[in-house]
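S.K.: Place chain P on chain D using the hints.
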Amino acid sequence: MQLDDLYRRVIMDHYKNPRNRGTLNEEAVTVNLNNPTCGDRITLQLELQDGKVQQARFTGEGCSISLSSASMMTDAVRGKTLDEALGLADKFSSLMKGDEVEFVEYEDLEALAGVKKFPARIKCATLAWNALRKGIEAKS
Amino acid sequence: MNAREIRELFPILRQEINGHPLVYLDSAASSQKPQSVIETVKHYYEWDNANVHRGVHTLGSRATDAYEGSREKVARFINAANTEEIIFTRGSTTALNLVASSYARSVCQEGDEIVISKMEHHSNLIPWQQAAKATGATLKYIPLQPDGTIRLEDAEQTITSRTKVVSVVYASNVLGVINPIKEITAIAHRNGAVMVVDGAQSTPHLKVDVRDLDCDFYAFSGHKMCGPTGIGVLYGKKALLEKMEPIEFGGEMIDFVDWQDSTWKDLPYKFEGGTPIIAAAVGLGAAIDFLEDIGLDEIDRHEKQLAAYAYDRLSEINDVTIYGPREGRVGLVTFNIGDIHPHDVATVLDTEGIAIRAGHHCCQPLMRWLEVSSTARASFYLYNTEEDVDRLVSSLLKTKEFFGHAIG
Numbered sequence: 001m002q003l004d005d006l007y008r009r010v011i012m013d014h015y016k017n018p019r020n021r022g023t024l025n026e027e028a029v030t031v032n033l034n035n036p037t038c039g040d041r042i043t044l045q046l047e048l049q050d051g052k053v054q055q056a057r058f059t060g061e062g063c064s065i066s067l068s069s070a071s072m073m074t075d076a077v078r079g080k081t082l083d084e085a086l087g088l089a090d091k092f093s094s095l096m097k098g099d100e101v102e103f104v105e106y107e108d109l110e111a112l113a114g115v116k117k118f119p120a121r122i123k124c125a126t127l128a129w130n131a132l133r134k135g136i137e138a139k140s
Numbered sequence: 001m002n003a004r005e006i007r008e009l010f011p012i013l014r015q016e017i018n019g020h021p022l023v024y025l026d027s028a029a030s031s032q033k034p035q036s037v038i039e040t041v042k043h044y045y046e047w048d049n050a051n052v053h054r055g056v057h058t059l060g061s062r063a064t065d066a067y068e069g070s071r072e073k074v075a076r077f078i079n080a081a082n083t084e085e086i087i088f089t090r091g092s093t094t095a096l097n098l099v100a101s102s103y104a105r106s107v108c109q110e111g112d113e114i115v116i117s118k119m120e121h122h123s124n125l126i127p128w129q130q131a132a133k134a135t136g137a138t139l140k141y142i143p144l145q146p147d148g149t150i151r152l153e154d155a156e157q158t159i160t161s162r163t164k165v166v167s168v169v170y171a172s173n174v175l176g177v178i179n180p181i182k183e184i185t186a187i188a189h190r191n192g193a194v195m196v197v198d199g200a201q202s203t204p205h206l207k208v209d210v211r212d213l214d215c216d217f218y219a220f221s222g223h224k225m226c227g228p229t230g231i232g233v234l235y236g237k238k239a240l241l242e243k244m245e246p247i248e249f250g251g252e253m254i255d256f257v258d259w260q261d262s263t264w265k266d267l268p269y270k271f272e273g274g275t276p277i278i279a280a281a282v283g284l285g286a287a288i289d290f291l292e293d294i295g296l297d298e299i300d301r302h303e304k305q306l307a308a309y310a311y312d313r314l315s316e317i318n319d320v321t322i323y324g325p326r327e328g329r330v331g332l333v334t335f336n337i338g339d340i341h342p343h344d345v346a347t348v349l350d351t352e353g354i355a356i357r358a359g360h361h362c363c364q365p366l367m368r369w370l371e372v373s374s375t376a377r378a379s380f381y382l383y384n385t386e387e388d389v390d391r392l393v394s395s396l397l398k399t400k401e402f403f404g405h406a407i408g
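Residue numbers (full-length UniProt numbering), protein chains in the order written: chain D, 1 to 140; chain P, 1 to 408.
Note that these hints are calculated values from the structure, not bench results.
For clarity, every value in this text was computed on a predicted model and none was experimentally measured.
Certain hints may be false.
Over the 12 angstroms line for every Cβ pair with chain P, so calculated as not near, a few chain D residues [as the list claims (entries may be wrong)]: (1) P36; (2) E47; (3) D99; (4) F103; (5) V104; (6) A138.
List of simulated lysine-lysine pairs, BS3-like, C-alpha gap at most 30 angstroms [to be verified]: (7) P:K400 / D:K123; (8) P:K400 / D:K16; (9) P:K400 / D:K117; (10) P:K140 / D:K117; (11) P:K265 / D:K116.
Cβ atoms here follow ideal geometry from the backbone N, Cα and C, with glycine treated the same way.
Same shape as in the complex, but just chain D (with noise of 0.2 angstroms):
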């Protein structure tokens, strides 16, 4: 088992400079979701207008892992259709099921794979993206 495996640069570089770090205005849809076995916490914030993902921001407190996949999804959704995002989110737990998955529009997103190797972090990985079914389900 190799760290660089888990640890790819591009994760390392989501975990440097997180995209999308910070709040929207208090109309956004908010979700707090905590993994209680260690602590993280993430609050997302949704800006859901015409069907769509219009921003998502988040703030929080994590590893690596969590802090990075919560840049990278907020990323990944931002203009989606709510239907295309929870697509994303499906497509993101099969990728943590081990099975093999391209994102084409988002190829960040596929340096997580290393994750599955790692079954107790695979909760991190996964923590934003709950937040993200959970904003979604909230306002549908």
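M.R.: Chain P in isolation, oriented as in the chain D frame:
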């Protein structure tokens, strides 16, 4: 004692993890088991297994003798006055819940107080939170000093004549600090309160004498002291246990059952409803034999040495924060290293064959007090050596370098 020789008695420690010899530094979560405990449990199932307290047949008698033999060992191990004061439970959590549900809920009323400390594990916090909510009692916390210790003046201040129950951990699973239980017990008693002790992290590591402490209840788990999972103990003073109502009802705990009413067996059986965890109890007896063979004082001395060595070696690493005092601690060191998340630290260490714990350690309020979301923890036991600490330190340096380059 020779930790290197003791290590050989634990089969699980002989393996490699991710291409490196295993260094197990997570005994505070659950200790490993020596061959003798594994063999005892195996022998029980291969030769003596039957239900207890009811068999007229030979196996029933053997199983009962083995189960009750363990109870006698436990009573002697913590110096209880008699075996009626030893109740087998699933672990510390169940034991503490029993006191909170049966004792605290029957004695507490609105205006009364339950006092615990700010360093409690969730298992010695939530049962009291729930008991306070159910009875209208107030849950109060003994504050901590900046180094994580309890000052007796603060205990004096927090515990009042309205306090009915005080419950404090003997040794903290995060700070490592060993609390002045005997003195806090005296304060509780002066105020007419009963004293409950969470002994999950102390019983495996130092000599416990419940009569010397004079505490009213004492809870601990078998799996942290070389015994099997699923077995724990509640010690309680006989006079208190006799007055308490059971919280689980069914077979094994009854005396006489009629259509509308029933009566309970005598102590300790009225608190042991259902078929008990016989094999694990027998295994716990073997664990006690194993620990007593080596000597608790020897184990305590070894771990304190190791903790001090680890504290000093970790302190040499730049950007390492260690939580809790250097002195007066059990064998564990909780720390953070720069901005690197404990999860990432634990994952890097795992790739080097080193097992540590990362997270909130079931102490979310204490994490809030420490102003961190999580921490890393290395915990030691009788099979750990200074070489294990050296491996930890060199892997932490590697972690730092790896993330230093990655994060910049």
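S.K.: Are the hints correct? Go through all of them and say.
M.R.: Structure-based check of each hint:
1. P36: violated (9 angstroms)
2. E47: holds (27 angstroms)
3. D99: For D99 (chain D), whose nearest Cβ neighbour in chain P is about 23 angstroms away, the distance exceeds 12 angstroms, so it holds.
4. F103: holds (22 angstroms)
5. V104: holds (27 angstroms)
6. A138: Correct as stated: the minimum Cβ-Cβ distance to chain P is 25 angstroms, above 12 angstroms.
7. P:K400 / D:K123: holds (24 angstroms)
8. P:K400 / D:K16: Holds, at roughly 15 angstroms.
9. P:K400 / D:K117: Since the Cα atoms of K400 (chain P) and K117 (chain D) sit roughly 22 angstroms apart, the hinted pair holds (cutoff 30 angstroms).
10. P:K140 / D:K117: Violated, because 45 angstroms separates the two Cα atoms, which is more than 30 angstroms.
11. P:K265 / D:K116: It is violated: about 52 angstroms lies between the C-alpha atoms, which goes past 30 angstroms.
Against the hints set out earlier in the document, violations occur for numbers 1, 10 and 11.
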